[in-house]
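> Sequence:
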Amino acid sequence: MSEKIRHTGTIERIDGDCVQVRILQTSACSSCKVAGYCNTAESKEKLIDVICPDASSYAVGQQVTVSTDAATGFRAVGLGFGVPLVVLVAVIVAVTLATGNEAVAALAGLASLLPYYVLLYLFRNRIKEKISFKIEN
Numbered sequence: 002m003s004e005k006i007r008h009t010g011t012i013e014r015i016d017g018d019c020v021q022v023r024i025l026q027t028s029a030c031s032s033c034k035v036a037g038y039c040n041t042a043e044s045k046e047k048l049i050d051v052i053c054p055d056a057s058s059y060a061v062g063q064q065v066t067v068s069t070d071a072a073t074g075f076r077a078v079g080l081g082f083g084v085p086l087v088v089l090v091a092v093i094v095a096v097t098l099a100t101g102n103e104a105v106a107a108l109a110g111l112a113s114l115l116p117y118y119v120l121l122y123l124f125r126n127r128i129k130e131k132i133s134f135k136i137e138n
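Residue numbers (my numbering): 2 to 138.
No lab work stands behind these hints, which were simulated from the structure alone. Hints are supplied without guarantee of correctness; some may be wrong.
[Said to hold, decoys possible] With a straight-line cut-off of 30 Å between C-alpha atoms, the simulated DSSO-like cross-links for lysine-lysine are: (1) LYS47 <-> LYS131; (2) LYS5 <-> LYS131; (3) LYS45 <-> LYS129; (4) LYS5 <-> LYS47; (5) LYS45 <-> LYS135; (6) LYS129 <-> LYS5; (7) LYS47 <-> LYS135; (8) LYS131 <-> LYS45; (9) LYS135 <-> LYS5; (10) LYS129 <-> LYS47; (11) LYS45 <-> LYS5.
I would like the entire structure built from these sequences, with the hints used as guidance.
If you want it as structure tokens, here you go:
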């Protein structure tokens, strides 16, 4: 899978080997010709930290393109949405089968997400190494 996810952005800040780039993340609808007449088109500004050994060769305000592999995007979506969904459904089903009480199952399902997100927070630096952007030349 050699597809890349690319965003054009502006360098906001340079701190050591970390370059902070502001990108405009747009929904798929934004390229549609009738998007102006539709309420679903949206865009958001995001700040992305890019670890770059040659950060000193860039300047604040410079336009750059940041990219990552599509597999990295899928990994991020899996960690952010896929795994929590599986955990939630598995706990709800298990508790419903064990107790027969759907209210308890729903609360247990929601409560089961707390340890997952705590683990994500604790391993954020390791995850950041695996899910990262690069500045293209």
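> Hint compliance check: list the failing hint numbers for this structure, sorted ascending.
Hints that this structure does not satisfy do not exist here, as all of them hold.
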